[in-house]
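**Q** Residue numbers (our numbering), protein chains in the order written: chain A, 53 to 303; chain B, 100 to 571.
These are computed hints drawn from the structure, not numbers from a lab. Each hint should be verified, as a subset may be incorrect.
[Claimed, not checked] To be clear about the criterion: a stretch of chain B counts as covered by chain A if any three or more of its residues have a C-beta under 8 Å from a C-beta of chain A, and this derived list gives those stretches:
hint	segment
1	372-378
2	420-426
3	540-546
[Claimed, not checked] Pairs of lysine to aspartate or glutamate residues, derived as EDC-like cross-links and limited to a Cα-Cα distance of at most 16 Å, are as follows:
hint	chain 1	residue 1	chain 2	residue 2
4	A	Lys202	B	Glu187
5	A	Lys202	B	Asp390
6	B	Lys151	B	Glu187
7	B	Lys237	B	Glu187
8	B	Lys255	B	Asp421
9	A	Lys130	A	Glu103
[Said to hold, decoys possible] Which chain A residues face chain B? A few, computed with CB under 10 Å, are given here:
hint	residue
10	Asp68
11	Pro161
12	Phe162
13	Glu192
14	Gln197
15	Pro214
Quick caveat, the model's predicted, so the values are computed rather than measured. Heads up, the beta-carbon is just placed ideally off N, CA and C, and yes, glycines get one too.
Residues per chain are reported as follows:
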Amino acid sequence: MPGDANNPVRILLVDDEPGLREPLAEYLARQGFAVSQASNAVDARNKLLNETPALVLLDVMMPGEDGLSLCRHLVEAKDLPVILLTARGEAMDRIVGLEIGADDYVVKPFEPRELVARIKSVLRRSAKNGSSQQEDAHYEFEGWQLDPVKRRLTAPDGAVVPISAAEYRLLVAFVTHPRQVLDRDRLLDMVQGREAHIFDRAVDNQVSRLRRKIEDEHNEVRLIQTVRGGGYVLAADVRRIVPDGNNGITA
Amino acid sequence: MKWPAWPRSLLGQMILSVAVVLLAAQTLSAVLLYRAAEQRRETGAAHALAFKLSTDTRSEHGQAEHGQDSRRSDRDGLKRRWQNLPVEQSADLPMRRGEAADEEREQLLRSILVEQGVSPSDLVVFTRNTRADEFVMKRLRSQHQGRSLPDWANGKIIVAGLKRPGDMEWSVARVPLPGPEVGTLGGLISQTLILYFALVGGLALLLRRITRPLAALTNRLEYFAHTPEAHGQLEPDGPEDTRRLIAAHNAMEARIAALLDEKDVMLGAIGHDLKTPLAALRVRIESVEDDTERSRMARTIEDITRTLDDILSLARVGRPSDDPEATDLAALTASIVEEFEDMGEAVTLDEISRIVGSVRATWLRRGLRNLVSNALRYGGGQARVSLLREDGAAVFRVEDDGPGIPEHELGAMLEPFRRGEASRNRETGGAGLGLTLARAIADQHGGELHLANRLGADGAVKGLSAEIRLPL
Numbered sequence: 053m054p055g056d057a058n059n060p061v062r063i064l065l066v067d068d069e070p071g072l073r074e075p076l077a078e079y080l081a082r083q084g085f086a087v088s089q090a091s092n093a094v095d096a097r098n099k100l101l102n103e104t105p106a107l108v109l110l111d112v113m114m115p116g117e118d119g120l121s122l123c124r125h126l127v128e129a130k131d132l133p134v135i136l137l138t139a140r141g142e143a144m145d146r147i148v149g150l151e152i153g154a155d156d157y158v159v160k161p162f163e164p165r166e167l168v169a170r171i172k173s174v175l176r177r178s179a180k181n182g183s184s185q186q187e188d189a190h191y192e193f194e195g196w197q198l199d200p201v202k203r204r205l206t207a208p209d210g211a212v213v214p215i216s217a218a219e220y221r222l223l224v225a226f227v228t229h230p231r232q233v234l235d236r237d238r239l240l241d242m243v244q245g246r247e248a249h250i251f252d253r254a255v256d257n258q259v260s261r262l263r264r265k266i267e268d269e270h271n272e273v274r275l276i277q278t279v280r281g282g283g284y285v286l287a288a289d290v291r292r293i294v295p296d297g298n299n300g301i302t303a
Numbered sequence: 100m101k102w103p104a105w106p107r108s109l110l111g112q113m114i115l116s117v118a119v120v121l122l123a124a125q126t127l128s129a130v131l132l133y134r135a136a137e138q139r140r141e142t143g144a145a146h147a148l149a150f151k152l153s154t155d156t157r158s159e160h161g162q163a164e165h166g167q168d169s170r171r172s173d174r175d176g177l178k179r180r181w182q183n184l185p186v187e188q189s190a191d192l193p194m195r196r197g198e199a200a201d202e203e204r205e206q207l208l209r210s211i212l213v214e215q216g217v218s219p220s221d222l223v224v225f226t227r228n229t230r231a232d233e234f235v236m237k238r239l240r241s242q243h244q245g246r247s248l249p250d251w252a253n254g255k256i257i258v259a260g261l262k263r264p265g266d267m268e269w270s271v272a273r274v275p276l277p278g279p280e281v282g283t284l285g286g287l288i289s290q291t292l293i294l295y296f297a298l299v300g301g302l303a304l305l306l307r308r309i310t311r312p313l314a315a316l317t318n319r320l321e322y323f324a325h326t327p328e329a330h331g332q333l334e335p336d337g338p339e340d341t342r343r344l345i346a347a348h349n350a351m352e353a354r355i356a357a358l359l360d361e362k363d364v365m366l367g368a369i370g371h372d373l374k375t376p377l378a379a380l381r382v383r384i385e386s387v388e389d390d391t392e393r394s395r396m397a398r399t400i401e402d403i404t405r406t407l408d409d410i411l412s413l414a415r416v417g418r419p420s421d422d423p424e425a426t427d428l429a430a431l432t433a434s435i436v437e438e439f440e441d442m443g444e445a446v447t448l449d450e451i452s453r454i455v456g457s458v459r460a461t462w463l464r465r466g467l468r469n470l471v472s473n474a475l476r477y478g479g480g481q482a483r484v485s486l487l488r489e490d491g492a493a494v495f496r497v498e499d500d501g502p503g504i505p506e507h508e509l510g511a512m513l514e515p516f517r518r519g520e521a522s523r524n525r526e527t528g529g530a531g532l533g534l535t536l537a538r539a540i541a542d543q544h545g546g547e548l549h550l551a552n553r554l555g556a557d558g559a560v561k562g563l564s565a566e567i568r569l570p571l
């Protein structure tokens with residue numbers, strides 16, 4: 053997917069450490085990307101005057117203007133997909149990064165192959181949406197809420213329900229296609245990401261894990277129903293609600 | 100035995116002890132004053148008797164003054180009128196059958212008479228109800244024709260009979276028995292009470308001025324103990340000593356907060372400065388041709404990263420930057436088990452109940468992950484995870500089938516960099532921070548970490564059970 057040999061996908065890599073930036077640029081080039089490098093925010097802004105990359109890899113901690121501030125600019129003004137590289141793994145950093153519009157983040161030290169998988173996943177999503185613009189509307193079904201910015205699922209009683217990235221993507225597939233039967237291939241196609249290898253093995257397994265978290269054993273109603281012949285359907289109506297500045301949510 | 104009402108605060112104890120001592124002192128002085136006043140009244144009465152007896156001219160001169168006296172104001176008149184009771188001359192002993200001589204008053208009167216140059220050959224003093232004394236009653240009735248009799252007429256009188264040497268008849272003088280003066284007693288009591296309340300009240304105000312800043316300082320210390328942040332410091336208040344104490348405490352707080360901030364900045368820098376080169380290294384090894392060699396390198400880098408993460412987490416666990424959030428603990432537990440399943444580890448989810456608790460999910464996951472990793476590493480490669488509600492607490496339990504930990508080492512296992520004997524070789528990896536961190540995370544949530552050997556029916560160790568117990 054990094055484009056063909058004549059027209060490779062261009063990535064802008066912004067990191068102040070040449071020790072990481074240079075080998076990473078080489079590695080990505082070997083993977084078929086065309087990579088430009090910038091060592092700080094000013095440098096990156098200059099580069100963006102002459103070229104428009106398909107995606108920006110951005111270090112969060114940089115001297116001068118930091119990565120979060122540059123990220124906001126890239127997302128708001130340039131509408132570019134951004135993956136943050138962060139040295140810290142604390143929840144707050146991640147949520148802040150995602151909230152200001154980054155498409156994904158990887159924690160240093162990352163596995164280069166995983167980074168490539170994420171780059172591809174983000175590119176695929178931005179190609180589908182026609183833009184990398186974050187969805188900030190929540191999905192609501194049967195009292196459950198899915199926040200696509202924080203990638204967070206909230207139960208009807210307000211408790212946060214921790215789900216994995218794979219489960220999150222599976223749930224997004226369901227809530228964007230409520231009451232439609234999705235067979236395994238279709239689900240695989242929609243949720244393919246870095247955990248693709250897991251999905252190859254067991255979409256069914258992921259669905260049953262998701263069910264374990266959002267369905268009550270004692271409840272008769274099954275939110276995710278199995279369809280004979282192979283496939284699943286979200287048996288609920290989904291509403292889109294836009295978070296309100298004042299008191300949570302309005303319809 | 101402890102007095103249940105004994106106050107525990109400095110203010111209460113000081114007020115109470117001062118109040119008790121002051122009450123005792125005031126009571127004592129009030130009693131003494133009262134006794135002195137009584138003495139004075141007795142002496143007064145004795146002098147009055149002595150005066151009457153010594154100036155007795157054996158003539159009835161009182162009647163002439165009767166008219167002008169009766170128009171005096173009540174209280175004044177009352178006091179004077181008995182002075183007009185003349186001395187009676189009587190041939191018989193004035194004491195009747197059934198009346199007893201009052202030795203004390205007799206002696207007092209005798210000594211006064213002697214001082215005045217009257218030497219009694221015979222003296223008798225006794226008390227009698229006024230109404231039983233015909234002499235007095237006759238005079239009173241004639242003085243108060245038709246009107247009510249004065250108060251002392253309902254009381255008692257002191258009667259003194261004197262025979263001078265050579266006298267044939269008794270000279271009998273009478274004065275009303277001095278009763279307790281209600282006015283004096285009331286004045287004494289109210290004076291005592293006013294003094295008492297003024298002193299105790301003033302002392303209470305003063306003490307409050309000292310103890311209020313102390314109480315505020317205690318609250319602040321309690322707050323600072325679990326949230327070491329310099330903001331919200333107290334203004335120095337109260338007397339100079341307290342002010343200095345608060346100022347010194349503020350300085351110490353600022354110092355501690357600065358040290359902790361410094362530590363956070365330093366750890367952030369260490370984290371960044373070590374993780375970036377590690378990331379570079381991780382990228383570079385991708386060009387190593389030999390697959391086995393490359394994966395070994397990758398594993399080493401992962402080990403370093405994990406240790407680094409553990410150290411950084413341990414240093415930050417006391418000052419988390421995120422707030423607790425209502426979280427579905429069952430889903431959290433399940434997601435951890437699933438992570439291990441995905442890595443191909445033999446971790447199974449046992450009994451689980453849906454519990455919602457206010458936790459910091461990122462931290463709790465890390466703690467649970469450490470327990471599961473430990474169970475897998477030292478516990479025979481298998482782990483069972485359960486979540487149950489027990490006695491108002493959410494209990495995450497991780498069990499393995501390993502050799503357990505010798506009882507005497509159980510406590511020491513929670514110390515940093517401590518690993519069981521079985522794992523001394525570096526082959527198993529890890530810095531030995533896993534349990535320390537798990538305990539610190541349990542602490543952070545107000546909970547506890549317990550390690551215990553699981554015993555079989557025969558008493559043999561079947562494995563280890565590690566549990567994080569969080570109050571709900």
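**Q** Each hint needs a verdict: does it hold in this structure or not?
**A** Evaluated hints:
Counting residues of the segment 372-378 of chain B whose C-beta lies closer than 8 Å to any C-beta of chain A gives 5; at least three are required, and the coverage claim holds. By the rule of at least three residues with a Cβ nearer than 8 Å to a Cβ of chain A, the coverage given for the segment 420-426 of chain B holds, with 5 such residues. Interface restraint, the segment 540-546 of chain B with chain A: violated (0 residues with C-beta to C-beta distance below 8 Å; minimum three). With a CA separation close to 116 Å, the supplied pair A:Lys202 and B:Glu187 exceeds the 16 Å bound.
At most 16 Å may separate the alpha-carbon atoms for a hinted pair to count; A:Lys202 and B:Asp390 exceed this at roughly 37 Å. A distance of roughly 10 Å separates the Cα atoms of B:Lys151 and B:Glu187; the hinted pair therefore holds under the 16 Å criterion. Among the hinted pairs, B:Lys237 with B:Glu187 is consistent with the structure: their alpha-carbon atoms are about 12 Å apart, no more than 16 Å. Annotation: proposed proximity of B:Lys255 to B:Asp421 is violated, straight-line Cα distance about 89 Å (limit 16 Å).
For the suggested pair A:Lys130 and A:Glu103, the alpha carbons sit about 12 Å apart, so the restraint of at most 16 Å is met. A distance limit of 10 Å between C-beta atoms decides the matter here; for A:Asp68 the minimum to chain B is near 9 Å, and the interface restraint holds. Taken as an interface hint, A:Pro161 checks out: its beta carbon lies about 4 Å from the nearest beta carbon of chain B, inside 10 Å. Hint status for A:Phe162 relative to chain B: holds, with the closest Cβ pair at about 6 Å, below 10 Å.
Because the beta carbon of A:Glu192 sits about 17 Å from the nearest beta carbon in chain B, more than 10 Å, this interface hint is broken. Taking 10 Å as the C-beta contact cut-off toward chain B, the hint placing A:Gln197 at the interface is violated, the least distance being around 13 Å. The interface hint given for A:Pro214 holds, since its Cβ lies 5 Å from the closest Cβ of chain B, which is under the 10 Å cut-off.
Violated hints, listed in ascending order, are 3, 4, 5, 8, 13 and 14; each of the other numbered hints is respected by the structure.
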